[in-house]
Amino acid sequence: MIDSSLLLSISTFGFLFSFTFYLSGLVFHRKGLLTWGSVSAWVVLLILSAGIVLRWIESYQLGFGRAPLSNLYESLVFAAWSIALVYLLLELRTKYRGLGVFPLLFCFLAMAYASFSGMDSVIRPLVPALKSNWLIIHVVTCFLGYAGFTVSFGISILYLLNAAHKPNPHPRGIYALLPPLKQMDEFNYQMIFFGFIWLSIGIISGAVWANSAWGTYWSWDPKETWSLITWLVYAAILHARNIRGWKGNRVAWLSLVGFACVLFTYFGVNFLLSGLHSYGGL
Amino acid sequence: MQERDGLLKGVVGTLASMRLTLIIFFTLAAVSVIGTLFPYGMAGSEVHHHYPPALAWLIQTFSLHDMYRTNWFRFLLALLCINLIICSVQRLPKTIKLARQRDQEFSSDKVSKFSQNFQMTTAQPMEKVAPSLEKVIGGEFGPLKAIDSSDKYMALAERGRWSSFMVYFIHLSVLVILVGAIIGSLFGFRGIMNIIEGEASKMVMLSRGHERLELPFTVRCDAFSVSFYEMGTPREYRSDLTILKGDEKILQTPIRVNHPLTYGGITFYQSTYGSILTSLKVEIRDTDSEKTWTMDMQMRTPKTIPGTTDQIQVMDYRENIAQLGPIVIMAMLREGEEPTGAYILLNDPDFHGNKISNYHFAIKEAETAWYTGLQVKSDPGVWVVYVGFSALLIGIILAYYMSHRKMWVVAEPSREFPGRTLVTLGGRTNRNPLAFEEEFRKVCQSVEQQLKAGENKETST
Ligand code: HEM
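So the protein lines, in turn, are chains A and B.
Per our numbering, the first sequence starts with residue 1, numbered consecutively.
Per our numbering, the second sequence starts with residue 1, numbered consecutively.
Honestly, the hints are just simulated from the structure, not real lab data.
Cβ coordinates follow ideal geometry from the N, Cα and C atoms, glycine included.
Keep in mind that the hints are not guaranteed to be accurate.
As the list claims (entries may be wrong) - Dumping the calculated SDA-like pairs for lysine to any residue here, alpha-carbon to alpha-carbon at most 25 Å:
id, chain 1, residue 1, chain 2, residue 2
1, A, Lys-223, B, Tyr-386
2, B, Lys-281, B, Leu-333
3, A, Lys-131, B, Tyr-229
What the hints assert, rightly or not - These stretches of chain B come out as covered by chain A in the derived footprint (C-beta under 8 Å, 3 or more residues):
id, region
4, 254 to 267
5, 429 to 438
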């Protein structure tokens, strides 16, 4: 019998394969391998989608149906799904395949972390505070934003590596299959703007939800504050690029800073800040 | 005088600059990071409890535990608004001028150097080329407007001329959100109301300070219920509320988590619940004299033990502490001594710890009642904030998709190939060059096909 956890395990390994294709395609400059990476990533995305839908159905079979988006395990799975989707859509539009290494690596890491760290993967009912359609809107939009920033992070790393080797006018090897620097910079900006839009929707939907559930749209809790910090950093990048004409390396470095904020908003707040608070109590 | 003007210009220039914007963005981000390191809303006395003296001094001096309400944080936000307003006011006239501006002369030399460009020659004469161009470009990109010229055909098509106003809309919406937040903090309130099942109340305990606020109506909790999943986690809490004005019933409705009630601009949210002690029958034994008394007690109402001046009082009731079951905290006040207290277990009357000084307490009967915990708030600014939210989202989504795209077209007799017509197309965009490149290429292809088709028709006739 196929169940959601089987499909999720297949996806985990699928992403590993796909990442390996992308990486070896770049390293050995073989376009064919990149195509394999792309095809396999689409297939895995389909399998993962089926897995997520199945998990949703299973929750109904358990008698309390709810969207599979409400604990760390499920959010990691959804993070992998959104990164894969956003990256593949970028690929479809730009027709460059060389940028898939980091997005697929993160897809794999998210799935692997969800599956192998002994995290609680049981489907549990929601506590009353989370029972709201806003939950779905809020989580989906935030993660699409994070996915955009993750893809931008991947582009930025490749950009910085590539730019460091610029003296060589005919890049061979790893950089041969990457888009020209100017294009990468443009894609990077578009991914940042894309992420910024979704993060804005995510923050605002969270605020509206908080207001409808307990009466304040903003209460400066650490998670909220960190998402605002992330948002400010990306707003700064957009302005710096647009008005002060910062391009290329500077935007790439700032995108790395922004991504660090994303990671902290997602993991750090849960693990470190709550930790700080409990140490504070000793 | 001049010096003063110079200074003023300098200050305004700084206040309008993008450098200041970036500094504010990063400063706001950095201080927010600091803010999240310290529990927000911790009381001043707690700070000294939790942190070493030097750090506690720092925290208190800059109010790091309550940063978002400090004046210096507000100053940063105000500076952002000023920056935004001055910058917009300075840029707006330029944007309007740019949007109004119409191109005058342009030459094929100039157009062929634009970032997108295309050139071809055709055997068709200029008079025939112009309508073809208008048809193709008008259909695929946008209406071509011809510009008067004596010896050549010159025309311009553009889209999204007004898109450069989008950022003003975005920035205005940021200001609207902040204004809404200010309205809320000036004219709104937040607090909690704990109402015992079957009882009614008008008083709200405000979350800031220790003030109480009297509502212009009464809220009664007719019933409270909580249901659980099989696994033991709560499924739902629900309170049946009635709003009363005097004796008149205005409204009767249940509320649940995520399903609040709003009346008269004030919203009630189901927040918590609990049970409280309403009365207690307790047997007190003096372990020295072995005398016993049975007394009825109420929460927080002191009673004197007969024949003594010792006063006892029930301070608190907890449903479950450390797996010991329900307890009350009993305190005793004896003349000339500090007050003393102890946990008294309800379920274990003989427990040796049910004791203060020479008195042993055994609870004989306890009556409890459910209370429902409601969050109460009024925020007249929330609709302003929501309008700002919507405008911001619409603004940034449109800004992402909209761009100012322009195509320049020149057709003139070719100097290189006499008798032929030279057609030059040029294109520019202020955003998303990739998408534009593709669009431009398609338009050029169509133009080429159309002109070639025209040539063929001409040769065949
Ligand atoms: C939280 C506050 C702000 C938000 C959310 C915001 C948002 C935006 C967005 C989304 C854009 C378009 C970016 C792009 O095209 O890549 C933009 C452009 C711009 N912003 Fe802001 N902004 C804010 C504050 C400011 C401030 C304080 C200034 C003050 C100088 C400013 C000046 C500008 C300018 C000059 C542009 C470019 C306009 C153009 O391209 O013609 N912004 N802003």
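These are the hints, each one checked on the structure:
Proximity of A/Lys-223 to B/Tyr-386 is assessed by CA-CA distance (about 21 Å); at most 25 Å being required, the pair is judged to hold. Only pairs whose Cα atoms come within 25 Å are accepted, and B/Lys-281 paired with B/Leu-333 is accepted, the gap being roughly 20 Å. At most 25 Å may separate the alpha-carbon atoms for a hinted pair to count; A/Lys-131 and B/Tyr-229 meet this at roughly 14 Å. For the region 254 to 267 of chain B, the proposed coverage by chain A is satisfied: 5 residues have a C-beta within less than 8 Å of a C-beta in that chain, meeting the threshold of three.
Check on the region 429 to 438 of chain B: 3 of its residues sit with their Cβ under 8 Å from a Cβ of chain A, so the three-residue criterion for coverage holds.
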